[in-house]
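Let the hints inform the model, and build the full structure from the sequences given.
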Amino acid sequence: QKEVEQNSGPLSVPEGAIASLNCTYSDRGSQSFFWYRQYSGKSPELIMSIYSNGDKEDGRFTAQLNKASQYVSLLIRDSQPSDSATYLCAVRGQAGTALIFGKGTTLSVSS
Amino acid sequence: GAVVSQHPSWVICKSGTSVKIECRSLDFQATTMFWYRQFPKQSLMLMATSNEGSKATYEQGVEKDKFLINHASLTLSTLTVTSAHPEDSSFYICSAKRQVGAEAFFGQGTRLTVV
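Protein chains in written order, with my numbering: chain A, 1148 to 1258; chain B, 2 to 116.
Everything labelled a hint here was simulated from the structure, so no lab data went into it.
In this text the structure is predicted, and so the values were computed from the model without any measurement.
Virtual Cβ for every residue (Gly too), placed ideally from N, Cα, C.
Do not take every clue at face value.
[What the hints assert, rightly or not] Chain A regions said to be covered by chain B (calculated; three or more residues, Cβ under 8 angstroms):
| # | region |
| --- | --- |
| 1 | 1164-1172 |
| 2 | 1244-1258 |
[As the list claims (entries may be wrong)] List time: in silico DSSO-like cross-link candidates among lysine-lysine, alpha-carbon distance up to 27 angstroms:
| # | chain 1 | residue 1 | chain 2 | residue 2 |
| --- | --- | --- | --- | --- |
| 3 | B | Lys65 | A | Lys1149 |
| 4 | A | Lys1214 | A | Lys1250 |
| 5 | B | Lys65 | A | Lys1189 |
| 6 | B | Lys67 | A | Lys1189 |
[Claimed, not checked] Some chain B residues judged to face chain A by a derived CB distance under 10 angstroms, without partners named:
| # | residue |
| --- | --- |
| 7 | Thr18 |
| 8 | Lys42 |
| 9 | Gln43 |
| 10 | Met46 |
| 11 | Gly108 |
As structure tokens, this is what we get:
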């Protein structure tokens, strides 16, 4: 059973702080890793994708991947109240297979 | 990013009736489409994977005769919930993937309520 684990939270941070979201996965053969943001009642939207070890930065978002530890994280710098949402970690094994999602971490940014 | 349109965005139906949900890739050809279901405060659970022109592959525990999936073209997949019951009430989301590339793009989701 392929699993993706996330701390459900809620993770509460003040506005302007760094939010750190973590995810572990069980399938060592996983090749693609994604972070999605989902607002209540809405469909997930892609924030970041990462495929190789190391860091990938896009604006205020940084994804980090460590395949040896089977760990992927998302850092959100200068957190804003509009970042308050559920963040889903998703992992894909072989090309063409479906994404396996974690249960999501709820982030709350207070102003 | 690519655009995936899902219709309807919400539907209320009576118990025992059938509901069809459409998922269209508007600006790309989707060789593979995925159907997910999400219950409140739960994550997305994969129901089935469909490739254009072939039968869908269902996840364990998902009744293929109840959740009919058709992927007749490279831009359209449909999910029909047959003989719907209140326990089928959920948020159904489709996702479409190009042949090349790892990213999948999501539709807006369909909120199904069976009364």
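**Message:** To test your reading of the hints: which numbers does this structure violate?
**Reply:** Per hint list: 1, 7 violated.
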